[in-house]
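A.B. asks: Now for the letters of each chain:
Protein chains: 6
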Amino acid sequence: MPNIVEEFNDYRERMNDKILSDNNKVIKRIFNLDTNAYLEGALDIKTKELLGLVASAVLRCDDCVKYHLETSYREGLTKEEVVEALSIATLVGGTIVIPHLRRAYEFWDALEQQG
Amino acid sequence: MPNIVEEFNDYRERMNDKILSDNNKVIKRIFNLDTNAYLEGALDIKTKELLGLVASAVLRCDDCVKYHLETSYREGLTKEEVVEALSIATLVGGTIVIPHLRRAYEFWDALEQQG
Amino acid sequence: MPNIVEEFNDYRERMNDKILSDNNKVIKRIFNLDTNAYLEGALDIKTKELLGLVASAVLRCDDCVKYHLETSYREGLTKEEVVEALSIATLVGGTIVIPHLRRAYEFWDALEQQG
Amino acid sequence: MPNIVEEFNDYRERMNDKILSDNNKVIKRIFNLDTNAYLEGALDIKTKELLGLVASAVLRCDDCVKYHLETSYREGLTKEEVVEALSIATLVGGTIVIPHLRRAYEFWDALEQQG
Amino acid sequence: MPNIVEEFNDYRERMNDKILSDNNKVIKRIFNLDTNAYLEGALDIKTKELLGLVASAVLRCDDCVKYHLETSYREGLTKEEVVEALSIATLVGGTIVIPHLRRAYEFWDALEQQG
Amino acid sequence: MPNIVEEFNDYRERMNDKILSDNNKVIKRIFNLDTNAYLEGALDIKTKELLGLVASAVLRCDDCVKYHLETSYREGLTKEEVVEALSIATLVGGTIVIPHLRRAYEFWDALEQQG
Numbered sequence: 001m002p003n004i005v006e007e008f009n010d011y012r013e014r015m016n017d018k019i020l021s022d023n024n025k026v027i028k029r030i031f032n033l034d035t036n037a038y039l040e041g042a043l044d045i046k047t048k049e050l051l052g053l054v055a056s057a058v059l060r061c062d063d064c065v066k067y068h069l070e071t072s073y074r075e076g077l078t079k080e081e082v083v084e085a086l087s088i089a090t091l092v093g094g095t096i097v098i099p100h101l102r103r104a105y106e107f108w109d110a111l112e113q114q115g
Numbered sequence: 001m002p003n004i005v006e007e008f009n010d011y012r013e014r015m016n017d018k019i020l021s022d023n024n025k026v027i028k029r030i031f032n033l034d035t036n037a038y039l040e041g042a043l044d045i046k047t048k049e050l051l052g053l054v055a056s057a058v059l060r061c062d063d064c065v066k067y068h069l070e071t072s073y074r075e076g077l078t079k080e081e082v083v084e085a086l087s088i089a090t091l092v093g094g095t096i097v098i099p100h101l102r103r104a105y106e107f108w109d110a111l112e113q114q115g
Numbered sequence: 001m002p003n004i005v006e007e008f009n010d011y012r013e014r015m016n017d018k019i020l021s022d023n024n025k026v027i028k029r030i031f032n033l034d035t036n037a038y039l040e041g042a043l044d045i046k047t048k049e050l051l052g053l054v055a056s057a058v059l060r061c062d063d064c065v066k067y068h069l070e071t072s073y074r075e076g077l078t079k080e081e082v083v084e085a086l087s088i089a090t091l092v093g094g095t096i097v098i099p100h101l102r103r104a105y106e107f108w109d110a111l112e113q114q115g
Numbered sequence: 001m002p003n004i005v006e007e008f009n010d011y012r013e014r015m016n017d018k019i020l021s022d023n024n025k026v027i028k029r030i031f032n033l034d035t036n037a038y039l040e041g042a043l044d045i046k047t048k049e050l051l052g053l054v055a056s057a058v059l060r061c062d063d064c065v066k067y068h069l070e071t072s073y074r075e076g077l078t079k080e081e082v083v084e085a086l087s088i089a090t091l092v093g094g095t096i097v098i099p100h101l102r103r104a105y106e107f108w109d110a111l112e113q114q115g
Numbered sequence: 001m002p003n004i005v006e007e008f009n010d011y012r013e014r015m016n017d018k019i020l021s022d023n024n025k026v027i028k029r030i031f032n033l034d035t036n037a038y039l040e041g042a043l044d045i046k047t048k049e050l051l052g053l054v055a056s057a058v059l060r061c062d063d064c065v066k067y068h069l070e071t072s073y074r075e076g077l078t079k080e081e082v083v084e085a086l087s088i089a090t091l092v093g094g095t096i097v098i099p100h101l102r103r104a105y106e107f108w109d110a111l112e113q114q115g
Numbered sequence: 001m002p003n004i005v006e007e008f009n010d011y012r013e014r015m016n017d018k019i020l021s022d023n024n025k026v027i028k029r030i031f032n033l034d035t036n037a038y039l040e041g042a043l044d045i046k047t048k049e050l051l052g053l054v055a056s057a058v059l060r061c062d063d064c065v066k067y068h069l070e071t072s073y074r075e076g077l078t079k080e081e082v083v084e085a086l087s088i089a090t091l092v093g094g095t096i097v098i099p100h101l102r103r104a105y106e107f108w109d110a111l112e113q114q115g
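Chains as they are written, first to last, in the UniProt record's numbering: chain C, 1 to 115; chain B, 1 to 115; chain E, 1 to 115; chain L, 1 to 115; chain A, 1 to 115; chain H, 1 to 115.
Isolated chain C (complex conformation) (with noise of 0.2 angstroms):
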């Protein structure tokens, strides 16, 4: 059975890694930001994991909602907290949100079995 949350991660290095060495700044500096930018400041890294993850399930970016769900999951955050966020978004997103939030569930579920 193929394991989801690994295929995601291998995809995902993998492309990155190719972005990456082709070296135009303006990309490259996007994802700098995107590492700093869920740093702990003002806020904590769970709330901004948080943040992220509904920024990504209203915007509707499945590999964007999965990022944030496993690093959520990394940082201890609940699955009860994660679902919580996840209906603001679909509350604030609306119906068409349901699609990735039945995607959220399975990865999610992914990441408590392979653990």
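Bear in mind the hints are in silico, worked out from the structure with no lab data behind them. Hints should not be assumed to be uniformly reliable.
Taking lysine to aspartate or glutamate and the DMTMM-like style, the derived pairs with C-alpha atoms no more than 25 angstroms apart in a straight line are [to be verified]:
| id | chain 1 | residue 1 | chain 2 | residue 2 |
| --- | --- | --- | --- | --- |
| 1 | C | K25 | H | E106 |
| 2 | L | K28 | B | D44 |
| 3 | B | K46 | E | D34 |
| 4 | B | K79 | B | D34 |
| 5 | L | K46 | A | D22 |
Model the placement of chains B, E, L, A and H on the given structure of chain C, informed by the hints.
C.D. replies: Relative to chain C, chains B, E, L, A and H alone:
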């Protein structure tokens, strides 16, 4: 050959069950509303299904399009009516709707073959 | 007191004239299609107006909503029918549609007052 | 000088009253959910307000941003926390979020001046 | 008569100053990138301005469209070139782009009158 | 190994044939415009392809991105030019564009390998 209608419905049902068993009140009520909103009212069911279909198409949500295509099919809407609704979606939403139009045609064909 | 219906129509007409006098073929044809797509076909005009309204509402285009509200009003659609269509838009598109719902109510009121 | 906070709240309240007095069940329930979703749960109210703010900002809904800025302000969130949340929104949503950032700063200033 | 070009630039400059004086690093770097991305590179400045214009138009960000219209005007792009770029935006993004096209024409006229 | 360029083109062509054989006038004319809009005019074909690419990327339409990548490749645009256009798309559209950037790189590689 995989049946795209069954595949879609199986996954949808399985994940909806997971989501609803989780007992997040906001999400459960949105699912509830999603049933109520398409019931007969000032507008008949067929019109409402087409409204749901066009909203889904311009927002480019393939799964939502599939869901409303299937309900439209079960409610007896003709292909000509459905395509006319999708033509408005393509005009309002632009050529980025076309890839979703392709998948909508494929799904409608599968609905007709399955009967 | 400014009449928001007249203001909208005056600006729209004046700028459309400018755009069309510019003779860009692609734009002119899109304007043309925009008239043809809402003519009677497999679906009647009222249904098509509601489809245009819902597409505009979920894509959160106030001017497009106003245009379809006015045409819906002229075609004899009732407020109840229009609101029911907008309720589907709000459910599918989420609470971010609500500010547009407010402005839609205001515009419909202005249409009724103007008659 | 017009007070942009009062203007916003007056219009919002007046039109919400109109919408709710219309008794469309789907819309009323969405308004209801919109209150419930931000109540204390697994996540505290401050975090939820920031989630609503970021969702609104990336979806570029000025009125929704204003609403959550005001609630964030009333709940005691600091400007630094709010700006950090908006910085994530700008990164995730891109430079098209910047015009909304300008208006968010203006509204926050008005909130501080009004106290 | 209000000058829409000056009004836009004044507000934009005043609020950008506020935002940048706030010293949020992520936001400051995004502003920085926004300057660098449009500098001469593999593509010339005119082409990049048109890319920024079309991206802004399909994402329906009036302020971003105005900004790129002004830069395009200063860089010597002709109205015909700009309109052709906007025609692609209208086709790809659909008729919901039309209201933004109206405001783009109005702003371009103001740029020409101001010289 | 599946060839993602051929797979994409085969499906696209097959479904486009189905759609066009259906004779919905609005859809047929939109398809027609989609060809005309990218012909040489005030802007040359290469510039127009990049405009189509950036519009597709910020609207996050993978199939549209693939189509314009292939046409850009056939028209002789270099990888550096294409990446520079995509860097603007990523800045304007935000980090949610990154997953589409990954798939764009993968598709461009396939185009180069196929020749």
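A.B. asks: Against this structure, judge whether each hint is valid.
C.D. replies: Here is how each hint holds up against the structure:
1. C:K25 with H:E106: This hinted pair holds, its Cα atoms lying about 20 angstroms apart.
2. L:K28 with B:D44: Holds, at roughly 20 angstroms.
3. B:K46 with E:D34: Cα-Cα ~24 angstroms, so holds.
4. B:K79 with B:D34: holds, 24 angstroms
5. L:K46 with A:D22: Given pair K46 of chain L, D22 of chain A holds - Cα atoms ~22 angstroms apart, limit 25 angstroms.
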